[in-house]
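Could you build the full structure based on these sequences and the hints that come with them?
Counting in this note's numbering, the sequence shown runs from 61 upward without gaps.
Source of the hints: derived by calculation from the structure; they are not laboratory data.
C-beta atoms are modelled at their ideal positions from N, C-alpha and C, and glycine is treated no differently.
Heads up, a few of these hints could be off.
To be verified - Simulated restraints, written as ranges between beta carbons of each label pair: (1) P92 <-> G144: 17 to 23 angstroms; (2) D100 <-> E172: 17 to 23 angstroms; (3) G98 <-> R127: 15 to 21 angstroms; (4) S130 <-> P92: 27 to 33 angstroms; (5) G161 <-> G107: 17 to 23 angstroms; (6) L113 <-> R160: 15 to 21 angstroms; (7) E172 <-> S130: 26 to 32 angstroms; (8) R127 <-> P173: 28 to 34 angstroms; (9) A134 <-> P92: 30 to 36 angstroms; (10) G153 <-> Q101: 16 to 22 angstroms; (11) G98 <-> G144: 17 to 23 angstroms; (12) R170 <-> R105: 27 to 33 angstroms; (13) G107 <-> L139: 19 to 25 angstroms; (14) R160 <-> P92: 17 to 23 angstroms.
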Amino acid sequence: MKPLARTVLLPLVLLCAAPLAQAGSGAPAEQPGCVHLGQDQQITRQGNARQFLLRDGRAQYQVTLQRDCSALPAARVGLIERNGAQHLLCQRGSALHTDRGTCEVARVQRIEPVLEQVADSRE
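Written as structure tokens, this is what we have:
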């Protein structure tokens, strides 16, 4: 192969392969309907075995499980994941894994802090 052909062909091959590599990576933050959670999480139970509040840094979410989760009230630790991707909270397909069992997520709703809502309404 001639040197000129190599210098033109190699960048062209790399250019064509880049979108395939990105599509295969499936970065968690890029999945629609999903939130990639950080390491600063706190779960607060809401008095039942089907819902809990999740704080992730400054963001807050109300998470509803598909059915009552007997593992939730007595759990000491919890991990949110989806298809093996830890800290990935999605509207569908995520699960809460605790030291007592696993429960499937049915719905996630972001909760806006009241102070930010009041500040936004004044602007």
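Here is how each hint holds up against the structure:
1. P92 <-> G144: 17 to 23 angstroms: 19 angstroms Cβ-Cβ, so the 17 to 23 angstroms window holds.
2. D100 <-> E172: 17 to 23 angstroms: holds (19 angstroms)
3. G98 <-> R127: 15 to 21 angstroms: Once the Cβ atoms are compared, 28 angstroms apart, the range 15 to 21 angstroms for R127 and G98 is violated.
4. S130 <-> P92: 27 to 33 angstroms: holds (31 angstroms)
5. G161 <-> G107: 17 to 23 angstroms: Holds: the Cβ-Cβ distance is about 19 angstroms, inside 17 to 23 angstroms.
6. L113 <-> R160: 15 to 21 angstroms: With Cβ atoms ~19 angstroms apart, the hint holds.
7. E172 <-> S130: 26 to 32 angstroms: Since the Cβ atoms of E172 and S130 sit about 31 angstroms apart, the hinted range of 26 to 32 angstroms holds.
8. R127 <-> P173: 28 to 34 angstroms: Holds, since R127 and P173 (Cβ atoms, about 29 angstroms apart) stay within the stated range.
9. A134 <-> P92: 30 to 36 angstroms: holds (34 angstroms)
10. G153 <-> Q101: 16 to 22 angstroms: holds (19 angstroms)
11. G98 <-> G144: 17 to 23 angstroms: holds (18 angstroms)
12. R170 <-> R105: 27 to 33 angstroms: violated (19 angstroms)
13. G107 <-> L139: 19 to 25 angstroms: The hinted range 19 to 25 angstroms holds for G107 and L139, with Cβ atoms some 22 angstroms apart.
14. R160 <-> P92: 17 to 23 angstroms: Between R160 and P92, where Cβ atoms are some 31 angstroms apart, the hint is violated.
Violated hints, listed in ascending order, are 3, 12 and 14; each of the other numbered hints is respected by the structure.
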